[in-house]
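K.L.:
So the chains spell out like this:
There are 2 protein chains.
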Amino acid sequence: MSDQAGQAPGSNEAEAATLGEREIKATDQADALAKMEDLWRRALADADNVRKRAARDGAQLRAQERAAVSLAWLPVLDNLELALAHAPAAGDPLVDGIAAIRSQAIDTLSRLGYPRIDAENVSFDPRIHEAVSVSETDEAPPGTVLTVLRPGYGGTDTMLRPASVVVSRAVNADRG
Amino acid sequence: MSDQAGQAPGSNEAEAATLGEREIKATDQADALAKMEDLWRRALADADNVRKRAARDGAQLRAQERAAVSLAWLPVLDNLELALAHAPAAGDPLVDGIAAIRSQAIDTLSRLGYPRIDAENVSFDPRIHEAVSVSETDEAPPGTVLTVLRPGYGGTDTMLRPASVVVSRAVNADRG
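Listed in order, the protein sequences are those of chains A and B.
Mapping of the first sequence onto full-length UniProt numbering: residues 1 to 176, in sequence order.
Mapping of the second sequence onto full-length UniProt numbering: residues 1 to 176, in sequence order.
These are calculated hints, taken from the structure and not from any lab test.
There may be inaccurate statements among the hints.
Which copy? The list can't say, so a pair holds if one copy fits it or any two copies do.
With a straight-line Cα cutoff of 30 Å, these simulated DSSO-like cross-link-like pairs (lysine-lysine) come out [unchecked claim]:
{"no.": "1", "residue 1": "LYS52", "residue 2": "LYS25"}
{"no.": "2", "residue 1": "LYS52", "residue 2": "LYS35"}
{"no.": "3", "residue 1": "LYS25", "residue 2": "LYS35"}
Hey, can you work out the whole structure from these sequences and the hints?
P.N.:
Structure (C-alpha cells):
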C-alpha cells in the first residue's frame, strides 16, 4: 500500500475509477448471466412440459375421437336390434343374416373398448347402469337389475352409454 | 505511462496481472452471456416447435383414429348390403327396415367425412377407384367406370376405401 500511496494522484484516481467500472461491469455481467441462465432453464422446462402435455393430450384425443365415432355408429346397432325385435322368428335367412350382422356390430364395439352391458339379475351399478324405472318385488334383493331396456356399451373408465335398466325395490309393507 | 514507469516493479506487475485477470474475466463473462443467450433462444425455439408439432400431430391423431374406427365398422355396412342384395324385393317390412338402416350407416360415414363412391358412367379416377376388371365395349369411352362392384368411401384427401370397379376398354379391332 505504501508503494501505491507514492503514485501520482491523477493516475491513481483514474485507475481506481476504471477498476471500479470494471468491477461494476463484472457484477452486472455476472448478474445478467445468472438471469439469462434462469431464462434458459425456464424455457427448457417449458419445452419439456409442452412435450409431456402433448403425449398426454394425444392419448386423450384418440380416446375422444374413438368414442365420438363409435357413438355416431351406435344408432345403426340400436336400429338393427329394433328391426330384429319386430322380425319374424329365426329360421328366415334374412333374419338370421341380420342377427349375424348385429353380433358383428357388438363385437366391433367390444374390440374398440366398449363391451356390451346387458346382464340382468346383477346388482345395480350407477357407473354402468341408468335406472329408468323401479319395480317392487320380493323375488330379487333390492337394487337388482331386473330388466335391461336398452343395452349399454363401455367399461367404468370408457363409458360410451350406460345400460337403461329397471331396478328392483323391496315391496312396500303398508301396501304389501 | 512515465508516472507508472516510476512505480515499484512488484506492485506494478501485480496491478497489471489483476487488471488482466479482470479483463479476461469480463471477456469470459461476456462470452458466457452470449453463449447462454444463444442456449436460451434455442430452447425458446424448441418449445415453439414442440407446440406447433403437437397441434399438427393432434389433428393427425384424430384423423387416424376416425379412419381406424370407421374402417372397423365398414364390414357391418358391407354385410347389410349383401343381406339386402339377397333379400326378397322391397315391400317386406323387415327388408324396408334394413334398407333404412343401410341408408343411416351410409349417412353416418358421410358425416364422418367419408362420402360414398358408387357412381357409374363416370371417368375412372385412380384416387377413388380401384379397377378389378376391364371390359371391352363400344358403348362407353375407354376408361369409363361401367360397374361398381363394391362401393368406396372417402374423398381424395380422406380415402377410407376406394370403390372396386369394372372399367371400359376400346374393343380390340383385330378381334372386333
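K.L.:
Each hint: holds or not?
P.N.:
Against the structure, the hints:
no.	hint	in the structure
1	LYS52 x LYS25	neither (40 Å within a copy, 39 Å between copies)
2	LYS52 x LYS35	both (26 Å within a copy, 27 Å between copies)
3	LYS25 x LYS35	both (15 Å within a copy, 18 Å between copies)
Figure legend: structure checked against the earlier numbered hints; the only hint not met is number 1.
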